[in-house]
Amino acid sequence: MSDDLKNTVAGSRGNLGWCKSTTHVNQNEALIFEKSSPGKKGYQLAPLDVPEVDPKKLLGEAAREDLGNMPEVSEVEIIRHFTRLSTWNFAVDYGMYPLGSCTMKYNPRVNEAVARLWEIAEAHPYQPEKISQGTLRIMKTLADYLCEITGMDTITLQPAAGAHGEMTGILLIRAYHQKQGNPRKKILIPDSAHGTNPATAAMCGYAVENLKSGPDGMVDLAALEAQVTEDVAALMLTNPNTLGVFEQNIGKIADILHAKGALLYMDGANMNALLGKVRPGDSGVDVMHLNLHKTFSTPHGGGGPGSGPVACKKILEPFLPVPVIETTAEGTLRLNYDRPETVGRVRAFFGNFGMHVRALAYILANGPDGLRMATEDAVLNANYIRKKLDGVYELPYKTPSMHEVVFSDKKQSVKGVKTGDVAKRLIDYGFHSYTVSFPLIVPGALMIEPTESEPKEELDLFIEAMRMIAEEAEKTPEVLVTAPHTTRLSRLDEVSAARKPILRWKPRQAKSAAE
Amino acid sequence: MRYLPKSPSDREQMLRDIGVRSIDDLFAQVPPDIRLNRDLNLPPAMAESEIIRWFRERAAENGDHYTSFVGAGAYRHYRPVVIDSLISRSEFFTAYTPYQPEIAQGTLQAIFEFQTMICELTGMEVANASMYDGSTAAAEAVMMAMRVTGRSSAVIARSVHPEYREVLRTYVQHQGVPLTEIGFGENGRVDLNALDAAISADTACVLIQSPNFFGTIEDVKAIADLVHKKGALLVVAIAEAVSLGIVRPPAEADIVCMEAQSFGVPLSYGGPYAGVIATKEQFVRQIPGRLVGEARDKQGRRGFVLTLSTREQHIRREKATSNICTNQALVALMVTIFMSVYGREGLKELALHNLAKANYALEQFRKAGAKVLFEGAPRFHEFVLQTEKTPYEINDGLLAQHIIGGLPTISKFYPELGNASLWCCTEMTGREAIDAAAKAVAR
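Here the protein sequences come in this chain order: X and G. 1 is the number of the first residue of the first sequence in our numbering; add one for each residue after it. 1 is the number of the first residue of the second sequence in our numbering; add one for each residue after it.
Since the hints were derived computationally from the structure, they do not count as laboratory data. One or more hints might be untrue.
Below 25 Å or equal to it, Euclidean Cα-Cα: the simulated SDA-like pairs (lysine to any residue) are [as the list claims (entries may be wrong)]:
#, chain 1, residue 1, chain 2, residue 2
1, X, K130, X, R109
2, X, K56, X, K35
3, X, K398, X, R499
4, X, K212, G, R316
5, X, K35, G, G300
6, X, K411, X, I427
7, G, K439, X, D49
8, X, K35, G, M428
9, X, K456, X, P477
10, X, K418, X, V322
11, X, K387, G, I18
12, X, K260, X, N249
13, X, K140, X, K185
14, G, K319, X, V495
15, X, K418, X, P477
16, G, K319, X, R499
17, X, K185, G, E318
18, G, K367, X, L48
19, X, K57, G, E318
20, X, K56, G, M428
21, G, K229, G, A198
22, X, K398, X, K411
23, X, K57, G, E252
24, G, K367, X, K130
25, G, K371, X, G60
26, X, K506, G, Q299
27, X, K140, G, D64
28, G, K439, X, V53
Let the hints inform the model, and build the full structure from the sequences given.
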């Protein structure tokens with residue numbers, strides 16, 4: 001980098017009254033295999049209280065000799081290794097993480113505390129029901145509350161993530177149609193939808209038909225009317241949609257579908273815009289999934305675990321995955337596996353129970369007022385950003401925003417600066433990037449979802465950073481296309497990585513067990 | 001509300017800046033007839049102390065500190081304290097999918113280490129960044145085998161975990177995939193003659209589990225020979241990862257799908273756990289889920305990125321290898337830390353302890369006169385007992401001694417086994433509990 005450029009990089013960041021990002025302790029660290037050497041140990045087993053055995057004698061040819069290149073390291077090295085790695089991550093606890101559609105809100109610590117209570121964390125899924133009443137009660141309570149929040153009649157907590165919930169929901173729809181004598185052929189999906197929607201429909205044996213959005217970014221009722229036939233099983237609709245726009249005609253959309261016997265599936269990824277304000281069940285939705293890791297504050301964990309409960313109307317109840325939780329005449333809870341019309345089981349055991357615990361703790365902490373206020377603040381924050389950045393970045397759709405706002409890089413791209421460059425530069429200002437290039441209906445999209453967790457001060461810093469980046473795009477676009485400049489590594493070459501993929505470490509000489 | 005970082009005057013100022021009078025103006029887009037004009041019917045906001053009390057009460061309803069002989073796909077092993085200490089670092093647990101690799105190297109390098117260790121342990125060449133769990137990994141592995149071979153049916157051993165088989169059936173029910181189930185012999189292993197007869201020219205793969213649901217270790221080599229001769233792929237499911245410390249890895253398999261819960265993941269009433277798919281390099285473009293690969297930055301320094309994403313739903317949409325979007329990153333991190341703690345020697349020693357405990361239990365049960373099914377083939381740490389009394393009766397007696405007996409529900413899936421129960425011992429199972437259980441079974 002030239003000195004001029006260096007000054008620009010530092011200089012413009014310095015213009016912030018109070019520059020959010022700064023340098024701090026950050027160390028390089030090898031792969032754990034590169035720290036390993038024979039004889040180092042990070043464990044000690046308790047003495048064996050039964051006679052020793054000879055594995056050769058018990059297992060014969062099935063006995064394993066060698067564990068290849070598994071590491072040998074001490075406890076202190078393990079702690080340092082993963083601690084050092086952790087410092088290379090940005091996280092919600094560092095600051096604003098405005099990934100649109102991901103709802104990166106604060107993860108309350110009490111959630112973690114209760115999920116680690118011994119009898120909850122150590123409960124075996126097959127332990128007898130009579131000593132599982134507590135864990136069953138947690139699931140039942142969460143199920144009841146989620147039904148109330150969504151306005152639905154019933155729910156399954158089994159799906160492990162949003163996409164898994166989508167699959168479950170579409171299977172319910174298919175089973176419903178099948179029972180009427182015809183599973184139908186197609187699922188309609190708006191062009192603004194998440195990629196998981198069409199992938200799910202295909203997995204469930206349906207053809208995907210694209211539904212073009214209208215000029216306001218919403219479902220075009222006339223187009224819908226024309227496309228809904230007796231072949232259509234359902235429409236998969238995200239509401240608010242991926243532009244952050246509430247589908248105002250949701251009631252009419254449901255009517256059009258229902259008139260032809262089709263059902264309305266709602267992708268609940270954006271439920272954070274609706275808590276305590278609108279219940280999908282009251283607006284004609286037949287089945288939907290929730291993302292507990294988005295709306296209900298369970299931690300994203302670097303990419304999972306998620307949890308994707310599916311709530312539905314009474315008409316779909318017979319088809320729910322087994323088992324379902326029931327209350328007995330004595331008031332205790334039991335698991336019912338005997339449901340002849342079920343779509344089957346979508347996951348072993350009962351789902352990501354640890355996430356159920358956390359989501360319930362979040363609902364209890366908020367109560368009805370807190371949930372509604374969370375949604376109000378999420379919508380307030382998104383509209384505040386929209387107002388302050390409108391004009392600085394192109395706003396392709398003028399329809400009012402709910403919890404997220406989508407700009408485009410139209411103004412910046414004339415200088416050769418793309419949304420991905422703005423996103424990388426945002427890192428230098430101390431923020432995580434927004435969602436890049438999605439939804440697909442907006443070329444060069446910047447999808448920003450602040451959530452309710454941001455104080456005004458953090459929003460103002462973000463807005464200032466985005467404005468300065470827009471200015472840089474005008475004056476020194478090279479700073480943006482080479483960003484980030486303040487990270488441990490500079491931009492990584494993803495194209496070469498995909499061309500000749502290296503997906504595991506290998507020792508230089510030694511032979512691994514896999515070879 | 002303590003999670004909301006705004007003062008009333010902040011909100012007023014922001015509304016003024018936006019140019020609206022009240023927060024309701026921002027919801028004008030929502031038609032009045034579908035607005036909720038009442039409070040949600042939920043209990044009022046609780047203080048942190050009340051939340052803790054509420055969950056403590058639930059925890060108490062669950063009863064505590066039982067010695068358990070139940071395994072069957074979820075295993076109680078000791079969890080080293082460093083695991084929770086490290087995964088509680090905010091940088092790991094409050095981050096998301098590493099879409100911006102420059103500020104996600106921690107997660108990415110940890111996953112790369114995870115993928116490497118899974119390859120070393122399973123004898124495969126590539127592993128993905130994790131799946132939801134073992135059951136869904138098995139279903140995805142079978143679907144992957146269909147893409148690889150272009151064939152459209154599958155043969156499943158009945159000794160695969162019954163719930164894995166149920167999940168598989170759910171996944172493929174609308175894809176026109178005939179599933180044939182094959183049984184097991186006297187020794188609990190896959191019936192090779194039945195297997196041979198079941199494989200047709202349209203069989204994409206054979207799915208077995210080893211150690212299987214009964215704890216018996218399959219003859220993977222012999223099965224692989226038979227399967228490969230007919231041009232099908234062999235998919236091996238592993239529900240108990242700890243077995244890999246002492247049991248030869250299924251290196252002859254084409255795809256290995258695994259549940260990694262045993263490696264440091266709390267039982268947590270069934271989840272979250274972490275599934276894994278590992279395979280040969282030649283099939284990597286058909287593998288579902290995320291993959292982390294090595295990359296270089298502009299200065300040529302080593303880093304890691306999500307790679308080969310053209311397989312995935314956000315690019316390929318309805319033509320993707322799977323609809324899976326997330327992985328189980330934080331759980332995979334627990335698994336990686338666990339594998340680092342035990343490492344090359346410890347995993348072996350740990351598995352050996354499990355083997356010894358189960359062997360002792362088997363001897364005690366035999367001495368007490370119980371009938372152990374499936375003798376004559378090696379097993380890891382689970383086994384099936386056939387008893388005169390119903391297992392429920394035996395377990396009721398044990399529960400009074402704070403012991404959870406073997407899984408009694410297996411007769412639901414294998415009625416031909418009669419009064420059968422599936423028992424598991426790990427390094428956590430004490431000798432006294434084993435002796436007490438043997439007595440209960442004898443009586």
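Next item on the list: Go through the numbered hints given earlier and state which of them the structure violates, listing their numbers in rising order.
Entry: 1, 2, 3, 8, 9, 10, 13, 19 and 24
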